[in-house]
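Using the sequences and the accompanying hints, generate a full structural model.
Residue numbers (the UniProt record's numbering), protein chains in the order written: chain A, 1 to 413; chain B, 1 to 413.
Hints were generated in silico from the structure; no laboratory data involved.
Be aware that a few hints might be false.
Note that identical chains are pooled: a pair holds if it fits in a single copy or bridges any two copies.
Capping the alpha-carbon separation at 30 Å, the derived lysine-lysine pairs in DSBU-like fashion look like this [unchecked claim]: (1) Lys21 to Lys149; (2) Lys21 to Lys165; (3) Lys27 to Lys285; (4) Lys316 to Lys27; (5) Lys21 to Lys285; (6) Lys27 to Lys160; (7) Lys157 to Lys207; (8) Lys336 to Lys21; (9) Lys157 to Lys118; (10) Lys118 to Lys173; (11) Lys183 to Lys157; (12) Lys118 to Lys207; (13) Lys157 to Lys27; (14) Lys368 to Lys157; (15) Lys285 to Lys160; (16) Lys160 to Lys21; (17) Lys336 to Lys173; (18) Lys207 to Lys183; (19) Lys165 to Lys51; (20) Lys368 to Lys149; (21) Lys118 to Lys183; (22) Lys285 to Lys118.
Here's the letter readout for the chains.
Protein chains: 2
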Amino acid sequence: MSSANAVREDRLWQRHADMAKLGGTPKGGVNRQALSPEDAAARNLLMSWAKARGFSIFTDVMGNLFVQRAGIDANAAPVMSGSHMDSQPTGGRFDGMYGVLAAFEALEALEDAGIRTKRPVMAVAWTNEEGSRFQPGAMGSAVFAGTYKLDEMLQVKDWKGITLKDALAETLKAAPAPMRDGKPGFAVDSYVEAHIEQGPRLENENKTIGVVTAIQGSRRYIVEIDGEEAHAGTTPRSARKDAFAAATRLAAAMYATTTDADDTLRFTIGRVEVSPGSPNTVPGKVLFTIDMRHPDNAVLEEHEKALREIVATRAKPCPARIERVTNVAPTYFDPKVVDLVRAKTEALGLSHMDMPSGAGHDAMHLAKLCPAGMIFVPCERGISHNEIENATPADLAAGTRVLVEVLEALANR
Amino acid sequence: MSSANAVREDRLWQRHADMAKLGGTPKGGVNRQALSPEDAAARNLLMSWAKARGFSIFTDVMGNLFVQRAGIDANAAPVMSGSHMDSQPTGGRFDGMYGVLAAFEALEALEDAGIRTKRPVMAVAWTNEEGSRFQPGAMGSAVFAGTYKLDEMLQVKDWKGITLKDALAETLKAAPAPMRDGKPGFAVDSYVEAHIEQGPRLENENKTIGVVTAIQGSRRYIVEIDGEEAHAGTTPRSARKDAFAAATRLAAAMYATTTDADDTLRFTIGRVEVSPGSPNTVPGKVLFTIDMRHPDNAVLEEHEKALREIVATRAKPCPARIERVTNVAPTYFDPKVVDLVRAKTEALGLSHMDMPSGAGHDAMHLAKLCPAGMIFVPCERGISHNEIENATPADLAAGTRVLVEVLEALANR
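So this is what it looks like as structure tokens:
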């Protein structure tokens, strides 16, 4: 039996259903934010499955969780696959989790088919990919790849002031795993991540597999506007320093300047905090986040200049600042891995298309460490970061069949 | 000794300082929201002072707190003065509290001067004037005057889902007072409320006393916009239903349409909730409040039409609704009370001007029940609903001297 044929669609689907209960929301999505009790529960469930199959398990000081199926050559660097188990506050059940469960299914399929590989094959769940509770996102994989510094990340605080270090200690206490000594990061032969597309292209073009060639660049900003709290009934307009009126001027100008003709630039104001938030007090402070992405770094650079100009000129009489908090350049995946994904997809007779990823993924950090690639499967209407996010059992299994064939080939090089 | 001469500036100022400790903030303001533990502490402090002077105390089922100095005629309806002790979340130490402490100082001054009045004179602290925790504001006085229904108000919930009924029970347990039987409301001869201006006019015109002739009308609204949560990196602009982008269009149009030439209209967006509030998720829902005020009801009516038109036409592709939650018509105070305030101010040799109130006050509800009026004193730069709100001991005492003379005259009619 081939490894692809050993992939079991029903088992993979059931595992998604079991995981969706952890942080499950009434609308069918999940709220399983990084290093929450729900995240810990997901770690425990994955480890229980791994133990039942006799795979080895370990974690590192960033809380990245590894499940390994041994190879023939004990000294060979592993082939790795995975994604993340944390979600947005109102997230879907497939974003990230599919990549972890597809990797685990690949390990099980190799086991069930009795296939031995030269290199170990490893499934990984990276800590805090979403970046909604602790910023920046893709933190576990970035520390693993040496892109972010461990010590700095451990000091990052969520909006309640809890440090990542403390939240991580809680999580590892609730979901204990053998700890790998030393800093995160070790030699990896190659990395392939499966993920739902999170966009509408595969569905629109009626393709099952997206052969991912690149990830667009992304930058994140925080804009802060100071006003002056004042009584809503007595303070004349001319005497106001209304931070939300200023924020409205900035946001309106920003939406206008980011309206590109070919609709490739992604501009999002996602979090907005208006203080003190009383209906009859003129807002004294506003803070909002900007998420901006494009495949071309020069375009991002040009638009950043425009945003800075708007903040400098349109907030008057309120002082305003813009700070860039992350800047991730576009990633181009290894052509050998990309070609292998395409070849295995064709060999399995699945429809496919080459495409860049609109979203950032852990794979962009691993791509700095080793040859890397990604496999996309469709999601309904392209909707993600939403409780109604959906995908079909057949598409999820198809992506996993491609994945296991690719991993097997890489592990036997 | 006249009652005005018995007013003690130092005592009044010290009482403000003592009250400012209850819910005091690092910036020198107060966070003493309605029916909070801090509100209960303020009630206990006021009652301890009242007991020390031998005044009688009682509360009603809305938690309004009354302190009475007996009159000669036991059957005569009382003359009443007061305001509120609750604050904005980041409020000042004078808004409301001054009116309560000025009324209490008036009772003490009458006592110290050995003046007996025909009618009882009463100080009152009304429950929940601010309306920031429980909407609408001026709730205690409105129920007292029969404008709002007790049963409906008891069911009002704060943003955490706690009912006013439960919060009130907690408060009355923590600050127990003899309960007056029956529904709130009883015969009142007349009502005079002292308050800081909360606007810049007295300071700008260098006057000590504002003789308040009216209160402008105010309306409050909630605007709700539905979008669709989506991934910030993958969802093309054309496929988005971005609730905050729609909110920005509405807010920008609203700010533009409420820019009147004579700067009399007050338009404020004070509370803004953007969900789910994740930097990399397109907002799926926005809720914001509008507070709009003007002395002329017809102007408010006209602008409400414009706001409704904006919500109906500018939010596409997001469905949006606007709901009016309060509508308080302008109040005109009793000319006899207004004339008496002006006459007593002149007799004391204090500078003064007639003016309408920009803010709503408990007096607007009492004005439906009995002859009523208000006395304003300046506050620094007109700033209120702000922790830096400030007023001088001399101005506060001046206003109280006018108040006690007016109350004495009314109580001896």
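Worksheet item: Is it within, between, both or neither when you check Lys21 against Lys149 at 30 Å Cα-Cα?
Response: neither (33 Å within a copy, 44 Å between copies)
Discussion item. Checking an output row: Lys118 and Lys173, CA cutoff 30 Å. Within, between, both or neither?
Written reply: neither (34 Å within a copy, 74 Å between copies)
Worksheet item: With identical chains treated as interchangeable, where does the CA-CA distance between Lys285 and Lys160 reach 30 Å or less: within a copy, between copies, both, or neither?
Response: both (18 Å within a copy, 22 Å between copies)
Worksheet item: 30 Å Cα cut-off: does Lys368 pair with Lys149 within a copy, between copies, both or neither?
Response: Answer is within; shortest intra-copy Cα gap is 15 Å, inter-copy 67 Å.
Worksheet entry | Status of Lys183 relative to Lys207 across identical chains (alpha carbons, at most 30 Å) | Intra 41 Å, inter 70 Å, cutoff 30 Å: neither.
Discussion item. Reference check for the pair Lys368 and Lys157, CA-CA at most 30 Å: within, between, both, or neither?
Written reply: within (27 Å within a copy, 53 Å between copies)
Worksheet item: Under a CA distance limit of 30 Å, which applies to Lys21 and Lys165: within one copy, between copies, both, or neither?
Response: within (26 Å within a copy, 36 Å between copies)
Worksheet item: Under a CA distance limit of 30 Å, which applies to Lys21 and Lys285: within one copy, between copies, both, or neither?
Response: Answer is between: at 25 Å across copies they meet the 30 Å cutoff, but 38 Å inside does not.
Item to complete: Please work out whether the CA atoms of Lys157 and Lys27 approach to 30 Å or closer within one copy, between two copies, in both situations, or in neither?
Response: Both ways: Lys157 and Lys27 sit 29 Å apart in one copy and 24 Å across, limit 30 Å.
Discussion item. For Lys160 and Lys21, with the copy left unspecified, which applies at a CA distance of at most 30 Å: within, between, both, or neither?
Written reply: both (25 Å within a copy, 26 Å between copies)
Worksheet item: Under a CA distance limit of 30 Å, which applies to Lys27 and Lys160: within one copy, between copies, both, or neither?
Response: both (26 Å within a copy, 21 Å between copies)
Discussion item. Reference check for the pair Lys27 and Lys285, CA-CA at most 30 Å: within, between, both, or neither?
Written reply: between (33 Å within a copy, 15 Å between copies)
In summary, the numbered hints that this structure violates are 1, 7, 8, 9, 10, 12, 17, 18, 22.
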